[in-house]
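Engineer: Here the protein sequences line up with chains A and B, keeping their order. If you read the first sequence in the working numbering, its first letter stands for residue 1, the second for the next number, and so on. If you read the second sequence in the working numbering, its first letter stands for residue 1001, the second for the next number, and so on.
No lab work stands behind these hints: they were computed from the structure. Keep in mind that this is a model prediction, so the values were computed, not measured. Incorrect hints may appear among the rest.
Subject to a maximum C-alpha distance of 27 Å in a straight line, what follows is the list of computed DSSO-like cross-link-like pairs (lysine-lysine) [stated by the list, open to error]: (1) Lys1038/B - Lys1108/B; (2) Lys1111/B - Lys11/A; (3) Lys11/A - Lys57/A; (4) Lys1038/B - Lys1003/B; (5) Lys1003/B - Lys1111/B; (6) Lys57/A - Lys1003/B; (7) Lys1108/B - Lys11/A; (8) Lys1038/B - Lys11/A; (9) Lys1111/B - Lys1070/B; (10) Lys1003/B - Lys1070/B; (11) Lys1111/B - Lys1016/B; (12) Lys1003/B - Lys1108/B; (13) Lys17/A - Lys57/A; (14) Lys57/A - Lys1108/B; (15) Lys1108/B - Lys1070/B.
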Amino acid sequence: GAGVSQSPSNKVTEKGKDVELRCDPISGHTALYWYRQSLGQGLEFLIYFQGNSAPDKSGLPSDRFSAERTGGSVSTLTIQRTQQEDSAVYLCASSLGGNLRGTQYFGPGTRLTVL
Amino acid sequence: AQKVTQAQTEISVVEKEDVTLDCVYETRDTTYYLFWYKQPPSGELVFLIRRNSFDEQNEISGRYSWNFQKSTSSFNFTITASQVVDSAVYFCALSGSQGGSEKLVFGKGMKLTVNP
């Protein structure tokens, strides 16, 4: 009964570098979400994957952000050319998904610091 | 647009006091879910409760209770006989069917400090 796992737990990078954040959802959960938590903006939705459907990318703040989900399981959030304002905790959640059936369970997050 | 408002930003109480956390929401959806999550100092968001828009029955779970009132668009959370371990940031959240996504819209959170 493992929960959502995320790696790395902490990431420090230099401005302009690319970073990849990983999320392993709960086994059997078809829906996967990425959120960002920062002091100024609170908890913000970034992107949502549900099964084989096209992802909802409406929360991605710029085209420097992208995410993919391979094989309906693991997801990677990529931030290109990082900026200092990207510094935040990136949270992943998963749920049983579809038709509002699923409660979202969150991972421990990745704390990203852009110097 | 969906919106969740937690008017209180920070509350400090003494152990054994009761405390109520307010949550007011806005949505045009007729079907929606409301949630409370707890974020202790360790940082992980912990799910507490989910309530759907068709179920206004209040709920009690141990020292926790929730009061859902559609007439006032509120979903308040009460901790009875608070304990130091209740110290955390509490988030109210809303999930609807707008746009077909189940994304959560969160309030700004309320930091509860329970002092011994």
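Engineer: Hint by hint, note whether the structure agrees.
Structural biologist: Hint-by-hint comparison with the structure:
Restraint check: the Cα-Cα separation between Lys1038/B and Lys1108/B comes to about 12 Å, which is no more than 27 Å; the hinted pair holds. Distance restraint check for Lys1111/B and Lys11/A: the Cα-Cα separation of roughly 26 Å lies within the 27 Å cut-off, and the hinted pair is therefore satisfied. As the CA atoms of Lys11/A and Lys57/A are separated by approximately 23 Å, the hinted pair is consistent with the 27 Å bound. At roughly 19 Å between alpha-carbon atoms, Lys1038/B and Lys1003/B fall within 27 Å of each other, so this suggested pair holds.
Simply put, Lys1003/B and Lys1111/B have alpha-carbon atoms about 19 Å apart, close enough for the 27 Å limit, and the pair holds. For a cut-off of 27 Å, the pair hint linking Lys57/A to Lys1003/B stands: about 19 Å separates their Cα positions. Note on Lys1108/B and Lys11/A: the hinted pairing holds, with a Cα-Cα distance of about 25 Å set against a maximum of 27 Å. Between Lys1038/B and Lys11/A the alpha-carbon distance is near 24 Å, which keeps this suggested pair within the 27 Å criterion.
Between Lys1111/B and Lys1070/B the CA atoms are separated by roughly 25 Å; this keeps the pair inside 27 Å, and the hint holds. With a C-alpha separation of about 15 Å, the suggested pair Lys1003/B and Lys1070/B falls inside the 27 Å cut-off, and the hint holds. As the CA atoms of Lys1111/B and Lys1016/B are separated by approximately 17 Å, the hinted pair is consistent with the 27 Å bound. A hinted pair counts as satisfied when its Cα atoms are at most 27 Å apart, and Lys1003/B with Lys1108/B qualifies at roughly 10 Å.
With a CA separation close to 22 Å, the supplied pair Lys17/A and Lys57/A stays within the 27 Å bound. Restraint check for Lys57/A and Lys1108/B: the C-alpha separation of about 22 Å stays at or below 27 Å, so the hint holds. A hinted pair counts as satisfied when its Cα atoms are at most 27 Å apart, and Lys1108/B with Lys1070/B qualifies at roughly 21 Å.
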